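These are the residues of each chain, in order.
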Amino acid sequence: MTVIDLVSYEDALASYDPVMGLEVHVELGTQTKMFCGCATVPGAPANAQTCPTCLGLPGSLPVVNATAVESAVKIGLALNCSIADWCRFARKNYFYPDMPKNFQTSQYDEPIAFDGYLDVQLEDGEVFRVGIERAHMEEDTGKSTHIGGATGRIHGASHSLLDYNRAGIPLIEIVTKPITGAGDRAPEIARAYVAELRELIRALGVSEARMEMGQMRCDVNLSLMPKGSQTFGTRSETKNVNSLRSVERAVRFEVQRHAGVLDGGGVIVQETRHFHEDDGSTTSGRVKEEAEDYRYFPEPDLVPVAPARAWVEELRATLPELPRLRRNRLREEWGISEHEMQSVLNAGALDLIIATIDAGAPADQARKWWMGELARRANETGTELTGLTITPEQVARVCALVAEGSLNDKLARQTIEGVLAGEGGPDEVVEKRGLKVVSDEGALGTAVDEAIAGNAAIADKIRGGKVAAAGALVGAVMKATRGQADAARVRELILERLGVQG
Amino acid sequence: MPGITREEVAHLAKLARLELKDEELDHFAGQLDDIIGAVAAVSDVATEDVPPTSHPLPLTNVMRPDEVRPSLTPEQALSGAPAQEQQRFKVPQILGEE
Chain H
1 MTVIDLVSYE DALASYDPVM GLEVHVELGT QTKMFCGCAT VPGAPANAQT CPTCLGLPGS
61 LPVVNATAVE SAVKIGLALN CSIADWCRFA RKNYFYPDMP KNFQTSQYDE PIAFDGYLDV
121 QLEDGEVFRV GIERAHMEED TGKSTHIGGA TGRIHGASHS LLDYNRAGIP LIEIVTKPIT
181 GAGDRAPEIA RAYVAELREL IRALGVSEAR MEMGQMRCDV NLSLMPKGSQ TFGTRSETKN
241 VNSLRSVERA VRFEVQRHAG VLDGGGVIVQ ETRHFHEDDG STTSGRVKEE AEDYRYFPEP
301 DLVPVAPARA WVEELRATLP ELPRLRRNRL REEWGISEHE MQSVLNAGAL DLIIATIDAG
361 APADQARKWW MGELARRANE TGTELTGLTI TPEQVARVCA LVAEGSLNDK LARQTIEGVL
421 AGEGGPDEVV EKRGLKVVSD EGALGTAVDE AIAGNAAIAD KIRGGKVAAA GALVGAVMKA
481 TRGQADAARV RELILERLGV QG
Chain L
1 MPGITREEVA HLAKLARLEL KDEELDHFAG QLDDIIGAVA AVSDVATEDV PPTSHPLPLT
61 NVMRPDEVRP SLTPEQALSG APAQEQQRFK VPQILGEE
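From first to last, the protein sequence lines stand for chains H and L. Under UniProt numbering, the final residue of the first sequence carries the number 502; numbering is consecutive throughout. Under UniProt numbering, the final residue of the second sequence carries the number 98; numbering is consecutive throughout.
One should not assume that every hint holds.
[Unchecked claim] Each computed DSSO-like pair below joins lysine-lysine, with the alpha-carbon atoms no more than 30 Å apart: (1) L:K14 with H:K239; (2) H:K143 with L:K90; (3) L:K90 with H:K239; (4) H:K92 with L:K90; (5) H:K466 with L:K90.
[To be verified] Partial list, derived from the structure: chain L residues whose beta carbon lies under 8 Å from chain H: (6) L15; (7) R17; (8) K21; (9) S54; (10) T60; (11) R64; (12) V68; (13) P74; (14) L78; (15) S79; (16) E85; (17) Q87; (18) F89; (19) K90; (20) I94.
In case anyone wonders, no lab produced these hints; they're calculated from the structure. The structure presented is a predicted model; accordingly, all values stated were derived computationally and were not measured. Beta carbons: idealized from backbone N, C-alpha and C, even for Gly.
The shape of chain H in the complex, shown without the other chains:
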């Protein structure tokens, strides 16, 4: 293992300009595979979703999934691409057991979508335009399990096991144009691009694009050129960078590594590299021995895809509001800052808050509960907000109970706690736990009288004009009612009884 000399990020950027190329694979959420009717249910028993076509058995013939083509066109349109009026599939030939056919059906020089762009917004609001080279249709590969080596790695394995359930699931590969001019913001831009793409894919409804489930995977190409140069350097390709944070880290690491090699008078080897989640480093993978020779040729078993112009325009008309524009619109509607909106996004709370508002809650209340109490609970239990066992409708109901005065904040928190603990919906929890604010004026009056009687000295101070001292009596009443009183009403009653103006 060679020692890698890293140059500090700042020094690297002082001498070089990074050039990035991002390749993102998105697994479509279709019911069936790209070229056969096998189901695509995740977690199915091994090899339970295969057929002669996706196993590459002799005599089988592929037929294209119409929904996958529609999804590809939608993605292309949302990325401001031109849509090919005629394009073919191609065979990408290679020997590796993850494809039983010994080739992957892909598209080569005729992608269905090409020449577009995606505007991405950085945390400070700056918008950066990323050019899109192409988006093409292909199929996923099977899943390998390597046996006999350390920690399941292919190196040192004695043999491997293949599950072909994933082989043939539709993939869209989206390739950027070389991203130049990013400067020291390259890692941030790479992350923002992948995040924006993920939001876009979700908004289109073509995939859940969950990176942790491998539904969206990123390869990071990076090279450096000396400042002032217009000639791209040799690139490295870091494969399977599968979280937003990892994308950012991989770019940063490769900038520092390339700079170290170049500063030392070395040359960058064109190679694929593996990313390591644990320390954010990359290590050399396969050096591209010979130039890759996939011997692409037009797939003879599939006829060309020729999206009719009228159909493309129909699809264009159904595109949803772009996520970036939608976020900016909501941010303005809610009257919050870029920074606050970013927190909402980072917490994965946007759709939950919107659903809560749709269920009748005021925007500020919806945001307050999801970003406050619920975010805290999710954090404590190490789950995502979406993993909490409370629905936006239930949160909206809690907001309504607070608004009508049935609950105060403290009781609302207890109600939420009960819902999360599986005790039922908000109303049920309030009922079972007896959480309603004491609004019975008689009971409240008695508690107030008792508090005054028990704290005569304080009561005298208040009578003498020290209204601020009322807080202590409010506290006593709240304690006596176990927090189930409306504090503002308690204060009113105390001042009324003592004959002073609030």
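Since chain H is already given, all that's left is putting chain L on it; use the hints.
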């Protein structure tokens, strides 16, 4: 004008994972060269107005609806596998020792 060289045949054999002896390379290079030459004759008759064709049928957009059809059972899928383990296809070591 040779259609294919002996070196190209050796490269193709490697890509196709075929182990060819020297005399086989000579043999196939000659044969493939003849075949390519024969196919190349097509180019002589194709004029500017004849586009390259990859499919003989004038069809486009042959698609199927996104509806699930029955798959094979894992047992059926694996029935032709030379080796299996954990309901998966068992394949020999992929990377040799370095």
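Hints, one by one, checked against the model:
For the hint pairing K14 of chain L with K239 of chain H, the CA-to-CA distance comes to about 25 Å; that is within 30 Å, so the pair holds. Our distance criterion of 30 Å between C-alpha atoms is met by K143 of chain H and K90 of chain L, whose separation comes to about 12 Å. At most 30 Å may separate the alpha-carbon atoms for a hinted pair to count; K90 of chain L and K239 of chain H meet this at roughly 25 Å. For the suggested pair K92 of chain H and K90 of chain L, the alpha carbons sit about 23 Å apart, so the restraint of at most 30 Å is met.
A C-alpha spacing of about 84 Å is found between K466 of chain H and K90 of chain L, which places the hinted pair above 30 Å, so the restraint is violated. Given the 8 Å rule on beta carbons, the hint for L15 of chain L holds: about 6 Å separates it from the nearest Cβ of chain H. Nearest Cβ of chain H to the Cβ of R17 of chain L: about 6 Å, under the 8 Å cut. The hint holds. Of the supplied interface hints, the one on K21 of chain L is violated, with its beta-carbon coming no nearer than about 21 Å to a beta-carbon of chain H, more than 8 Å.
Interface restraint check: S54 of chain L against chain H, minimum CB-CB distance 4 Å, threshold 8 Å, status holds. Interface restraint check: T60 of chain L against chain H, minimum CB-CB distance 4 Å, threshold 8 Å, status holds. Because the smallest distance between the Cβ of R64 of chain L and any Cβ of chain H comes to about 5 Å, under 8 Å, the interface hint for this residue holds. Satisfaction of the interface hint for V68 of chain L is found here, the shortest Cβ-Cβ separation to chain H being roughly 5 Å, below the 8 Å cut-off.
Among the interface hints, the one on P74 of chain L holds; its C-beta lies about 4 Å from the nearest C-beta in chain H, closer than the 8 Å criterion. Hint status for L78 of chain L: holds, given a least beta-carbon distance of 6 Å to chain H, under 8 Å. Checking S79 of chain L against chain H: minimum C-beta separation of about 11 Å lies over 8 Å; hint violated. Taking 8 Å as the C-beta cut-off, the interface hint given for E85 of chain L holds, the closest approach to chain H being about 6 Å.
Interface restraint check for Q87 of chain L: the shortest CB-CB distance to chain H comes to about 4 Å, inside 8 Å, so the restraint holds. Annotation: F89 of chain L was flagged as interfacial toward chain H, and the flag holds, the nearest CB pair being 4 Å apart, inside 8 Å. The beta carbon of K90 of chain L is positioned within 8 Å of a beta carbon in chain H (closest approach about 6 Å), and the interface hint is therefore held. With a cut of 8 Å, the hint placing I94 of chain L at the interface with chain H holds, because the nearest CB-to-CB distance is about 6 Å.
The structure does not agree with the numbered hints 5, 8, 15 stated previously, though it agrees with the rest.
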